[in-house]
Amino acid sequence: MTNWIDTVMVLIILSNLMLLGSSRLAACIRIVASQGIILGLLPLLAHEGGIDGHVVLLAAWSVTLKGVAFPWLLTRAMRDASVRREVEPFVGYTTSLLAGCAALAVSLWAGNRLPLPFAIQNSSLTVAVALFTIMTGLFVIVSRRKAVNQVLGYLVLENGIYMYGVAFVQKSPLLVELGVLLDVFVAVFVMGIMIFHINREFDHIDTDQLSILKE
Amino acid sequence: MITALILVPALSGLLALLIRPNPPRRILLLATAITHTGMTAASWFSTPTPTLSGWLMIDAPGKLFLTITSVLFLFAAIYAVGYLARENYGRRSDFEENTGFINAPEKVFSGAIMFFLSTMTLVAASQHLGLLWVAVEATTLASAPLIYFHRHHRSLEATWKYLLICSVGIALALLGNFFLAVATTTPDGSSMPLLLNELLQQGGRFNIPWLKAAFLFLLVGYGTKMGLAPLHTWLPDAHSEAPSVVSALLSGALLNCAFLAILRAQQVLVAAGQGAFGRELLLFFGLLSMAIAAVFILSQADYKRMLAYSSVEHMGILSLGVSIGGNGSFGAMLHAVNHSLTKAMLFLVAGNIVTAYRTKKTNEVRGMLRLMPVSGGLWLMGFLAITGSPPFGLFLSEFTILKAAVDGGSNIAAIAYLFLLAIIFIGMMTAALRMTQGLPSDDEVVLPREYPFSLVSPLALGLLVFSLGVYIPPPLKTALQEAARVVGG
Amino acid sequence: MNIAISIIDMLLAFLLAPLMLGIINRTKAFFAGRTGQPLFQAYFDIRRLLLKGAVYSKTTTWVMRAGPIVGLSATIMTAAIVPFGGSQALLAFPGDIFLLAYLLGLARFFTVIAALDTGSSFEGMGASREVQFSSLAEPVLFLGLAAVARQTSSLSLSGMLQAVSIETWITGGPVLFLAAAAILFIFLTENSRVPVDDPNTHLELTMIHEVMVLDHCGPDFAFIQYGAAIKLWVFGALLTGIILPLHTGNNLLDGVAAVACMSLLAVVVGIIESTMARFRLLRVPQMLVGAGALALLALLLALR
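Chains as they are written, first to last, in numbering that gives the first Met the number 0: chain A, 0 to 214; chain B, 0 to 488; chain C, 0 to 303.
If you're looking for bench data, these hints aren't it; they were derived computationally from the structure. Be aware that a few hints might be false.
Stated by the list, open to error - Which residues of chain C face chain A? A few of them, derived with a C-beta cut under 7 Å, are:
(1) Ala91
(2) Gly94
(3) Leu281
(4) Gln285
(5) Leu295
(6) Leu296
Heads up, the beta-carbon is just placed ideally off N, CA and C, and yes, glycines get one too.
Next comes chain A alone, as it looks inside the complex:
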């Protein structure tokens, strides 16, 4: 079991690194979608108390949302805006990859040093990878210009936080988890609508050019 979780963690790290390095928006959306699907299946692997209906329902709901609904919404937004690539992000791709490697090293170091009040039965990688995913999400939000990329960064951030939830909280109430997922869904939905409007208004989705309101 532990080995499966290890493999899952490595896959998530790889997906983060790939996200940092790719410029094609379609590829980025697919990467985040696959990350979401893997994460959705994680509770099935990590759950200590055996697999019951609650966990299966949650996993199914996560996978549907993150693997199907979000990519569809974002692909539609991307197609409506006729945008294929992220051009000239604030931080170049090679530098982003190197920054990602540095963040990975820091997270692995920090993950080993967090004083956990009790023994975590899951892989000790989980905490470090969650931290790395959060950092990747924030980095993408900050360093990319296209609005779709910023929404992807937000989704990766939520994925990282969700991983903390899976790692730490053994019995979070079903209602709260569903609520969290629903909130994220509606957030992405609303953001998708906004991207559509941004494109219609400005003919591009460069958030760097949304700088009229100052002071």
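Following the hints, complete the assembly by docking chains B and C onto the known chain A.
Positioned in the frame of chain A, the structure of chains B and C alone reads:
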């Protein structure tokens, strides 16, 4: 009863999306507002029973903030009815840049505003921190379409910033929730449900470093929503580009809801004996917010942005009050009430000014007292109130906080507080005096009509602000004291 | 007995290395719908070149004559260090990883200065590109090998690759997989395969490796071709050693299995070459940094 409080606006919102003709929808809006206020008033007399196995309960701070929200929504609904009736839904011309734009359909506005009320009620009633998180995120999502009512690029920019910054902030608050779950895990590995009264009982057994980290993330996360500097960057844009009714609700009700979330976190800290840590952080953010607001108010050319920065300042004062504790907490609660009422009134009057003068710049508005006597008078009165002059309610609350600070020995904080208040007073009053006095410039086409619907709400609010400055009714006083005590003062 | 096995492995390398080139070319031809060159074409080419005479430019010095010879001898030495088929290499010792890397570096260095010695600007251009890519590829190779070394607790290539078994794959699967992926990228880079460099290009401006050896002919060129084949074999042996977890203990079976794996690797390289287009020159450093990230990740996982 609590479920009714939450579900009635939500269902009305849904209904508003389905109704075709406009007048019935506006009647629905008014009816919902009146029903909600009625139910809230009823809850003052008989405490509603907790539902959802204790997840939803109206305790003292919740009741206070719920009342503020409800009252504000009532007056906002009255104003909105007149506003929506006057709004033109065809192609319009943006007066700032002479470009064309359209409005969102009215049903989107009405539906969204009622969902907004529902989610804010949920925030006030939540006792489970996870549910509280869901509710706060829901308020962000419900209010985004409201900011984007006038569909032009500035409001789009404001909406995008609002959505992204608040969502990221609230995501960090979710991380704080998870850290809290770790901090509260019992030694045998099972985690405690994040129900407030259970957390408060078990306070002594929490893991302190994790608890502190959790509070930090919760403060930063919900502080983004509340408008504490340096996380306030979405506030001026959103408040200046949204319709004035929406700005009134955002400033008066939404910021308070985020503050309530922070207060819940502070309650948990106090129960664990770490109240001092929370108070230091709140003091820091409070003074920082006031300072940044002061700097930006001094050079502000847009009066709605000035009001937005004033909201940042007052959120700082609320933080400051809670950080002092004791009487300071009481002052903060009183301040929350007064600020909400005053700021809502000011924003509604600002809406009147925008309709009449068709500009948002301070130096293009002149002679309000002559052209629009009621609005002009209310504007001047409102500015006097919001900067803390007697005999208005804000003076009392700010003075209470000052006295608590001096009594508690934090003299430096008190001096900084006074200094920043003085700067803000200078900045805002110069603007207000210039706007209200003098002769109106001739080359502006100005509509001197003041519509009854748009006057009733500001007048009523102004009356409330004035009367609260002179006399605090005993039920309100006990409620404020109760809230302050619960919060840990 | 072991020395005999090691010597047989080296002879296998010398004998079969050009065959791998043939397999790659045949695979590419198959994908292109052609019949393609005969499998043993590389042998015929080397024989033909050895029988030719050489022409040297008057502007060159001994460096140009020494380049191919030093390159070939260094590459042959690497064949003596890298183990094949789960047995001990001829010159195995702890730390021979570094010797491997520096022998390759020596070969590259002499190729580069031989290219610069001709004074041709095209060759200089190819040399600068080659050096740029290998300066990025070398740390990645070190990181990948370090990860495997850490996972198998051995600093000798022979020790490392002998220790790789099904158990190692089960416990350290992700590490080995990531290291193998990184070393695959390095394989493609060092051996000038698509997507880094097209070995069949005839446009000088797009060449990297071929342009450096443009002015060599006759036996020198034969040495260079043969050296390239051996380098391909050496890297392939490294890769198959990491990937193939079988050590039955019977030398014959291991050898046959290893040769089969090498051929499979050649087919895979042929498939990669046929299905991918060559990267823009600016993207190659990006790809190398990506490979470096994979290798770093492998190392971090192994260190945990």
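Now the hints, each set against the structure:
no. : hint   : result
1   : Ala91  : violated, 31 Å
2   : Gly94  : violated, 25 Å
3   : Leu281 : violated, 10 Å
4   : Gln285 : holds, 5 Å
5   : Leu295 : holds, 5 Å
6   : Leu296 : holds, 6 Å
The structure fails to meet hints 1, 2, 3 from the earlier list, while all remaining hints are met.
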